[in-house]
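J.: Count along the sequence shown from 1, add 228, and you get the number used in our numbering.
Some hints could be false.
Derived DEER-like restraints, expressed as beta-carbon distance ranges [claimed, not checked]: (1) Phe457 / Thr491: 18 to 26 angstroms; (2) Met477 / Thr634: 33 to 41 angstroms; (3) Glu460 / Ser531: 49 to 57 angstroms; (4) Asn307 / Asp677: 49 to 57 angstroms; (5) Ser504 / Leu716: 47 to 55 angstroms; (6) Met424 / Ser504: 51 to 59 angstroms; (7) Lys592 / Glu511: 18 to 26 angstroms.
No lab work stands behind these hints, which were simulated from the structure alone.
Quick reminder that beta carbons are idealized off the backbone N, C-alpha and C, glycines included.
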Amino acid sequence: MHETASPSKHTSLKREPKVMSAETPPVLFQGEMNVKKRITLISTIAVFFMLIALPCLVMLLLFERIVDTKISESIKLQNGSAAFKSWKTKSSPSKFAVYLYNLTNPDQVLAGERPNLTVIGPYVYWKEVRKLNISWTSVDGTPAISYLKRSIYIFDPILSSGNPKLDKIISANLPILAISAANNAGRGPSSGTIEMIKFFSSPKIFTRQSVDGFLWGYEDTTLCLCRMFFPEICPIDRVGLLSNSNNTMKGPYVIDSGINNSTNTGSFITIKGSRSLNIWSTEKANAIHGTDGFRLARNIQLSDSREIFVTLLCQPITLNATKISRPKAFTELEVVEMELDTDSRTLKETYCPLKVSGPPCPPKGYYDISQCSVPGDVSPPVFASLPRFMDKPIDNAFIVREVDQTRDKFRLLAEPKTGIVVEAHVRLLVNVHIQRSPHMTDLFMNISDPMYLPMAWFENDIEGSSKDLKQLHDALYVSPMRMRLVLLSLFICSLIIIVLLVIDLAITMKLQIPKRIYCCLCLTRQNPSVQSLLLDPPADSAVDLFTKNSDTMSSKISPWSNSVHSKSENQDGSETNSL
């Protein structure tokens, strides 16, 4: 009698839940795809922030060079640039104060006594400098700018201590001294002409004029007679210390635009169409070099020297960077103070004029400006000294007050990175050289000669506005500092994020390795065939390996393997259940 399997037994087998014992291993590399996606995402984000950090690092390392290049480009006088617009704009009025030295004992001086001088003034004017007929040109391939310059002086009665039209001054008679100096040099009027001039005009060595006429020009009888008979010798009939300065066109001047080399921005190339002067006795002295005074060669450091060409003197002067200072209008801006170098001119470099109106070469501390102010055969023997009373043996006799080292100093304040002059204090003492002429002994009488008699002291104070200086400070210091902070912040933040991402990636991969090892160990412990796969020598073929381990695999792979195997045997008829 055949006995079939109990239905209850099959039912229990089918309803038996799938329970994973502690010995059952987890699925191999479970969630591996999610881990790969996480690693890819972390790597992508890290690369993104590296692309931010690396350029920031490079810009931080080259930051000073980048800023210097930007500054170099910004100061060039290019058409349409901010620097060019600022340069060609009418300058802000600057304060121009004049102190005059009044001679109180002219008769005693002619008798051989020491001059007694008193100071009158100040007479304050506001000076405006305008650039006209601006045009672009080129000199030997160098982009340049040509322009004319006109200065306008406007009197300020409030700041002045007197009325220049009413106040009088006694000082040297420049026309008669000009004729005397020319006669001493052998190019003036003849002795007969001088006698005729003396007969009709009765000239004197000292004259009394209004302050306004003494400064801006007055008609002189001596010059009128000289011009009437000898126009080629005496081309003018008016004379004054500043007669050629007020509302008079000067130039043309041609300066380097700095397009080829920003260091040369503002340097004179030609004056009145010539690259050199024809005033001094040497080629070196006649050479034109130096900037126009509105700016200096950039990148100024302490102890550096810079040159500016002073058109009033027809020669350059050297300035030395002596200390760090701050302008009055905006004290947050740090500048360098440039002072006049009074020791730079040696005897070999002394500017000796071709047409002498006094000594053949001026003494140290003096500048012969006779040919520069009134060129020609008859020029007033006028000399400038910078600063006041530098040559003690000559000037001690005429000291009116003690030297004020702060007030009397010729100095400029320049922003070191750009060379832009933000404040200037120009000081100029004008003297006349008095020396008797053999054809005018009756006019000079017993005067002690030669002498340099002070006539006027000029103070020109130029200060930039607080608004302009603040803009300059922000552009050169505040904006670059902010940019540096932004770059530094981006670099640090990116670096922190990259480090955190790398740590996270390392932790993820570190946890994944033990997990894989654990899975492998579990499989080998529950399935000897896997252990043999990992530890035994490789089989002859994949088929042999499969045949060798088929029984074990079928019994160990799953809790449902027994039922599946039984069902397979019943279907094949290989096995029956009977008593």
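J.: Taking the hints in turn, state whether each one holds.
T.: Hint-by-hint comparison with the structure:
1. Phe457 / Thr491: 18 to 26 angstroms: Given a distance of about 53 angstroms, which is not inside 18 to 26 angstroms, the answer is violated.
2. Met477 / Thr634: 33 to 41 angstroms: Check passed, 35 angstroms falls within 33 to 41 angstroms.
3. Glu460 / Ser531: 49 to 57 angstroms: holds, 50 angstroms
4. Asn307 / Asp677: 49 to 57 angstroms: Because 55 angstroms falls inside the window, the suggested range holds.
5. Ser504 / Leu716: 47 to 55 angstroms: Since Ser504 and Leu716 have Cβ atoms about 52 angstroms apart, the given range 47 to 55 angstroms holds.
6. Met424 / Ser504: 51 to 59 angstroms: violated, 39 angstroms
7. Lys592 / Glu511: 18 to 26 angstroms: This hint holds: roughly 22 angstroms between Cβ atoms.
Figure legend: structure checked against the earlier numbered hints; hints not met, in rising order: 1 and 6.
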